[in-house]
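Read off the chains here:
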Amino acid sequence: MVSERSDGSRVPVALKILIAGGFGAGKTTMVSSVSEIRPLQTEEVLSGGDHPDDTALVEGKTTTTVTMDFGRITITEGLLLYLFGTPGQDRFWFLWDELSQGALGAVVLADTRRLAECFPSIDYFEQRGTPFVVAVNCFERDPRFTPEAVSNALDLDPGVPVVLCDARDATSARNVLIELVEYVARRQLAGAGRR
Amino acid sequence: MPADPLRAPHDWLDQDAGPVVRPYAVTQGRVAPSATEFDLVAFVAATGATEVAPGVHLQPEHHAIITACWESITVVELASRLDLSIGVVRVLLGDLRSAGLISMSEPPAAEQPPDVDVLKAVVHGLRAL
Numbered sequence: 001m002v003s004e005r006s007d008g009s010r011v012p013v014a015l016k017i018l019i020a021g022g023f024g025a026g027k028t029t030m031v032s033s034v035s036e037i038r039p040l041q042t043e044e045v046l047s048g049g050d051h052p053d054d055t056a057l058v059e060g061k062t063t064t065t066v067t068m069d070f071g072r073i074t075i076t077e078g079l080l081l082y083l084f085g086t087p088g089q090d091r092f093w094f095l096w097d098e099l100s101q102g103a104l105g106a107v108v109l110a111d112t113r114r115l116a117e118c119f120p121s122i123d124y125f126e127q128r129g130t131p132f133v134v135a136v137n138c139f140e141r142d143p144r145f146t147p148e149a150v151s152n153a154l155d156l157d158p159g160v161p162v163v164l165c166d167a168r169d170a171t172s173a174r175n176v177l178i179e180l181v182e183y184v185a186r187r188q189l190a191g192a193g194r195r
Numbered sequence: 001m002p003a004d005p006l007r008a009p010h011d012w013l014d015q016d017a018g019p020v021v022r023p024y025a026v027t028q029g030r031v032a033p034s035a036t037e038f039d040l041v042a043f044v045a046a047t048g049a050t051e052v053a054p055g056v057h058l059q060p061e062h063h064a065i066i067t068a069c070w071e072s073i074t075v076v077e078l079a080s081r082l083d084l085s086i087g088v089v090r091v092l093l094g095d096l097r098s099a100g101l102i103s104m105s106e107p108p109a110a111e112q113p114p115d116v117d118v119l120k121a122v123v124h125g126l127r128a129l
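Going down the list, the sequences are from chains L and D.
If you read the first sequence in our numbering, its first letter stands for residue 1, the second for the next number, and so on.
If you read the second sequence in our numbering, its first letter stands for residue 1, the second for the next number, and so on.
None of these hints come from the bench; they were simulated from the model.
All clues given are correct.
A few chain L residues facing chain D, derived, Cβ under 7 Å:
1) Ala14
2) Lys16
3) Leu40
4) Glu43
5) Glu44
6) Val45
7) Phe70
8) Ile75
9) Tyr82
10) Arg174
11) Leu177
12) Val181
13) Glu182
14) Val184
15) Ala185
16) Gln188
All C-beta atoms in this analysis are idealised placements derived from N, C-alpha and C, irrespective of residue type, glycine included.
All chains should be modelled from the sequences, with the hints used to inform the complete structure.
Structure representation (structure tokens):
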């Protein structure tokens, strides 16, 4: 029996944005500050058989869990934005492939005290061709760097936006997302022009 | 490796990891369907069907899913709401779909990024927050 679900043709569109960056760069903070729902966490389970290196550290352990942060922003009734904080540890890289699948783009949060920690994220998105912006999370008493200096230090491709932000601040975090979506739109228009 | 593995600090196994359980017990050890079958942001919804084919045995978790997705909901929110791992939810959703009890709406394909009008709507919506 099939239901008479009258709204069957009006399923919302859900877009994915990834929040990446090194450990402690503010990923969880950013997801929570901009999400309209209490930041939810869900778990992905690793099995030892598939990833023997991950669990070799603990003898006899065959599964462990990794927590993913996610948040949601309702743009309209039919358009939702989902934010996923990527797992920070290197051993969970394989999860990024799934998270990146179909993602609109990514925010790479950078901490200027540990700038090198965002290199792996940048490499990853560059290789996959996922559009990303770099958001420098300005911690208090941080030495301020200009976006240009950060862009040079990270050797970013021309056009990749670098913005300063405060991941704790909802407006600031929202502006980073706007920057990303506008960048994705610019890329798409440029791509359409080439064809 | 430290002498006492139980007390050794692991950056990936701390108190936040919660109780150590066997999440796939509820799926009888099944780990299929594949990760691509139910995207994290795919919407699932109960079909409203109440008849279950003979031989199909539903567990409490199956019923919990049907209840939770009476209105369409994304896979990731479903997992979070029911406090089940994504992998487990996918297996159970696979059962329910085979039984005709839920339907799924695919998210936009990866190779087809949303068009510029959708992106503009997103920017507009974000500015209005």
